[in-house]
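Peer 1: Taken in order, these protein sequences are the chains called B and U. The first sequence begins at 0 in numbering that gives the first Met the number 0 and counts up by one. The second sequence begins at 0 in numbering that gives the first Met the number 0 and counts up by one.
These are calculated hints, taken from the structure and not from any lab test. Do not take every clue at face value.
The calculated lysine-lysine pairs, modelled on DSS-like cross-linking and capped at a C-alpha distance of 30 Å, are [claimed, not checked]:
| no. | chain 1 | residue 1 | chain 2 | residue 2 |
| --- | --- | --- | --- | --- |
| 1 | U | LYS219 | B | LYS161 |
| 2 | U | LYS219 | B | LYS318 |
| 3 | U | LYS219 | B | LYS226 |
| 4 | U | LYS193 | B | LYS384 |
| 5 | B | LYS384 | B | LYS317 |
| 6 | B | LYS317 | U | LYS219 |
| 7 | B | LYS384 | U | LYS129 |
| 8 | U | LYS219 | B | LYS314 |
| 9 | B | LYS384 | U | LYS81 |
| 10 | U | LYS193 | B | LYS37 |
Fair warning: this is a prediction, and the values are worked out from it, not measured in the lab.
One letter stands for each residue in the lines below.
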Amino acid sequence: MQTSLPLTDSQHAMWLLDTISGRGELFNVAECIEFKGKVSASWLQQSLQHVWQASDTLACRFVRSDDYTPQLLPNDTVPEIISHTLESDPDDVLTFAQNFAQSYLATPFKLSQEPLMKLFLLRAPVQDYLLIVAHHLLLDGYGFGLFSQSLNRCYNALSKGKPLPQLRFTQQQQLLDLHHSDAFLAQQNAAKETLNQWLDEVPEINSYSTSKADVAAPNKRLTTRFKQSVWHTIQSAAQVTQTTSSEILLAAIAASLVAQYQHYHVTLGLVMMNRQALPELNCPCVQSNVLPLPLVFSDTTNLSDAATHINHQIKALKKLQNYRVESLKRDRQKQGKSLNIIGPTINLLPFANAPKYAGIETVSHILSAGTTDDIMLQIHLLADKPATVDFDCNIARYDDAHTQHIQARIFAAAEIWASQPKLTLSKVAELLRQTYS
Amino acid sequence: MSIPKLNHYPLPRDAELPENRVDWALDPARAALLIHDVQHYFVGFYGEDNPLIETMIQNIQALKAYCYEHDIPVYYTAQPIKQGKHERGLLSDMWGPGLQDPAQQPIVDALVPTEKDVVLTKWRYSAFQKCDFEQQLQAQQRDQLLIVGIYGHIGVMTTAVDAFMRDIEPFLVADAIADFSKEEHMMALNFVAKRCGKVVAMSEILGTQTQDLTSLEGLKSHILTLIDCEEDEFDEHESLIDYGLDSVQVMNLIALWQQQGIETNFIELAQIPTLAAWVELLEERKED
Numbered sequence: 000m001q002t003s004l005p006l007t008d009s010q011h012a013m014w015l016l017d018t019i020s021g022r023g024e025l026f027n028v029a030e031c032i033e034f035k036g037k038v039s040a041s042w043l044q045q046s047l048q049h050v051w052q053a054s055d056t057l058a059c060r061f062v063r064s065d066d067y068t069p070q071l072l073p074n075d076t077v078p079e080i081i082s083h084t085l086e087s088d089p090d091d092v093l094t095f096a097q098n099f100a101q102s103y104l105a106t107p108f109k110l111s112q113e114p115l116m117k118l119f120l121l122r123a124p125v126q127d128y129l130l131i132v133a134h135h136l137l138l139d140g141y142g143f144g145l146f147s148q149s150l151n152r153c154y155n156a157l158s159k160g161k162p163l164p165q166l167r168f169t170q171q172q173q174l175l176d177l178h179h180s181d182a183f184l185a186q187q188n189a190a191k192e193t194l195n196q197w198l199d200e201v202p203e204i205n206s207y208s209t210s211k212a213d214v215a216a217p218n219k220r221l222t223t224r225f226k227q228s229v230w231h232t233i234q235s236a237a238q239v240t241q242t243t244s245s246e247i248l249l250a251a252i253a254a255s256l257v258a259q260y261q262h263y264h265v266t267l268g269l270v271m272m273n274r275q276a277l278p279e280l281n282c283p284c285v286q287s288n289v290l291p292l293p294l295v296f297s298d299t300t301n302l303s304d305a306a307t308h309i310n311h312q313i314k315a316l317k318k319l320q321n322y323r324v325e326s327l328k329r330d331r332q333k334q335g336k337s338l339n340i341i342g343p344t345i346n347l348l349p350f351a352n353a354p355k356y357a358g359i360e361t362v363s364h365i366l367s368a369g370t371t372d373d374i375m376l377q378i379h380l381l382a383d384k385p386a387t388v389d390f391d392c393n394i395a396r397y398d399d400a401h402t403q404h405i406q407a408r409i410f411a412a413a414e415i416w417a418s419q420p421k422l423t424l425s426k427v428a429e430l431l432r433q434t435y436s
Numbered sequence: 000m001s002i003p004k005l006n007h008y009p010l011p012r013d014a015e016l017p018e019n020r021v022d023w024a025l026d027p028a029r030a031a032l033l034i035h036d037v038q039h040y041f042v043g044f045y046g047e048d049n050p051l052i053e054t055m056i057q058n059i060q061a062l063k064a065y066c067y068e069h070d071i072p073v074y075y076t077a078q079p080i081k082q083g084k085h086e087r088g089l090l091s092d093m094w095g096p097g098l099q100d101p102a103q104q105p106i107v108d109a110l111v112p113t114e115k116d117v118v119l120t121k122w123r124y125s126a127f128q129k130c131d132f133e134q135q136l137q138a139q140q141r142d143q144l145l146i147v148g149i150y151g152h153i154g155v156m157t158t159a160v161d162a163f164m165r166d167i168e169p170f171l172v173a174d175a176i177a178d179f180s181k182e183e184h185m186m187a188l189n190f191v192a193k194r195c196g197k198v199v200a201m202s203e204i205l206g207t208q209t210q211d212l213t214s215l216e217g218l219k220s221h222i223l224t225l226i227d228c229e230e231d232e233f234d235e236h237e238s239l240i241d242y243g244l245d246s247v248q249v250m251n252l253i254a255l256w257q258q259q260g261i262e263t264n265f266i267e268l269a270q271i272p273t274l275a276a277w278v279e280l281l282e283e284r285k286e287d
């Protein structure tokens with residue numbers, strides 16, 4: 000009989016969120032891999048089996064011990080890829096996949112009884128589509144990428160008649176050993192102190208909505224992409240400021256908040272990959288964290304100042320990323336301080352990948368990346384192509400018109416400031432207020 | 000109807016340049032340089048402190064210095080002010096009345112012509128039209144023409160086409176021209192490379208080395224600019240994530256390698272996050 004293992008801090012946090020909310024479906028994530036041709040269902044299933052059984056962080060159940068402590072119980076049962084035949088290829092793959100996934104996204108996983116992933120192979124006359132629905136407790140964005148890449152490697156090995164590759168994933172116990180090491184714990188303690196100190200110095204934290212309404216329904220998404228010409232200007236501005244396009248976008252988001260609240264302290268929530276050591280980078284699991292990114296500007300801040308400051312703060316935050324946001328909130332609560340520790344949440348996703356399956360090209364569609372109780376901007380950075388931004392909103396706080404207004408203001412801020420990097424923040428904010436008041 | 004307000008964009012990197020159909024070699028004894036329409040009026044549409052224009056001007060300055068050093072004659076084009084309807088012809092229908100203010104007519108200060116240079120009066124898209132430019136080149140025994148300036152897909156490209164039809168070999172300097180947009184810039188480069196000339200980079204003319212981002216040394220010096228580490232303290236076998244290299248910077252590198260036809264992805268690089276391992280992976284991919 001397999002021995003159960005404790006959870007990592009990240010797994011524990013996700014398990015608690017699921018259990019306390021009683022709304023496990025809110026933590027479902029989904030992706031659709033569009034194959035530009037037909038694939039072998041048998042090779043896919045064999046690949047899945049090989050990947051699944053190579054990792055006890057995938058092949059497991061999340062059970063509760065007698066004293067209600069959650070534990071990871073290894074379980075080799077591999078999810079079955081369920082095939083569906085479609086009469087015709089969908090015109091709009093994203094909408095079709097979202098509709099197909101809807102009922103599965105709305106159904107909570109039974110954490111202690113079943114694998115936390117469901118896979119469907121949708122077979123149309125010309126193309127196939129692999130739809131994957133998983134619980135966030137199983138995988139974060141990076142973990143999903145690692146899983147997909149391994150699936151692809153195995154499939155391509157099978158297609159070439161080669162033996163399946165040896166997958167050297169980090170196992171749960173190795174991850175626990177790392178997280179219990181003196182060096183890791185010392186870093187965590189130092190991070191706790193610094194993050195609390197940061198928050199003590201931050202004035203009021205604002206998001207785009209002042210509503211505190213809880214999540215009552217799944218988030219609604221607005222997806223927009225930068226125009227090619229605007230994206231080129233953003234890239235050029237990144238060169239000028241010696242930063243990257245992500246700092247320019249974060250500066251634009253900050254400018255939109257400055258325009259709304261007319262003060263120069265902005266605290267964003269930044270999703271951190273939170274994988275630094277090699278064992279963490281080789282583990283298909285959940286590990287990501289969301290931490291406050293406090294930014295202090297002034298009316299005379301120009302784009303170069305703003306982007307450099309953001310870059311500096313992100314570097315500082317990276318050293319603190321292994322202290323969980325839930326622990327930080329607990330600290331604030333114990334001290335009788337505000338639990339409102341982040342503004343809008345930003346998730347920078349540089350994991351774009353379109354591997355070929357036996358020569359067949361693929362396109363990845365991220366259908367859901369989890370639920371936020373406020374607003375989350377999922378920024379897909381696609382190498383040289385313009386970034387796509389998903390605005391995922393709690394509909395109890397944001398209606399469609401409000402979300403569109405936020406999107407328009409951020410995109411305008413990016414265009415205005417990237418075009419004229421020497422404009423001061425007060426001028427950018429004024430221009431935004433004139434157009435979007 | 001006038002020229003729109005123009006934004007900056009990144010000048011194309013060497014790896015982005017189109018493949019040339021011709022293998023002409025630039026010969027200083029046969030070449031002339033044409034600095035096209037860098038007048039206050041045309042430059043003004045980019046606004047003040049435009050990074051694209053600043054870089055283009057710096058590059059043209061370097062190229063002009065190279066030409067002086069190698070006895071390559073330097074020509075400018077400049078459009079006259081207040082052209083009559085007959086003089087301006089169909090240009091009025093397309094762009095309106097054009098240059099009216101005398102203060103906007105001169106070449107920009109940073110590139111002001113010297114006594115050695117020749118300034119041609121420009122009447123149409125091509126510098127050769129209604130002008131004795133071809134004869135002047137012949138008199139100087141020049142049958143190669145380096146073309147720089149603005150705007151890439153209009154006058155610069157058209158002059159290249161016209162030069163080609165006069166059996167003068169045009170060389171478009173990809174990172175010493177500016178355009179309405181990157182798309183139009185690349186369109187001009189692609190057209191010239193495929194149909195009427197050779198597209199070259201500054202580095203090729205000046206003989207300067209560009210960083211090879213797939214070699215150990217090239218990649219190392221690039222990465223050292225991104226992280227807080229002195230060169231003598233850097234170990235190519237240590238984790239780049241420990242050195243502070245972040246995911247977005249890795250994504251930018253992936254895009255640069257992609258331009259050289261090398262496909263990688265973030266997840267596979269993150270699993271082997273050392274410089275030495277990346278260079279090994281890049282070598283394998285080059286062979287694929």
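Peer 1: May I ask which of the numbered hints given earlier this structure violates, with the numbers listed in increasing order?
Peer 2: 1, 3, 7, 9, 10
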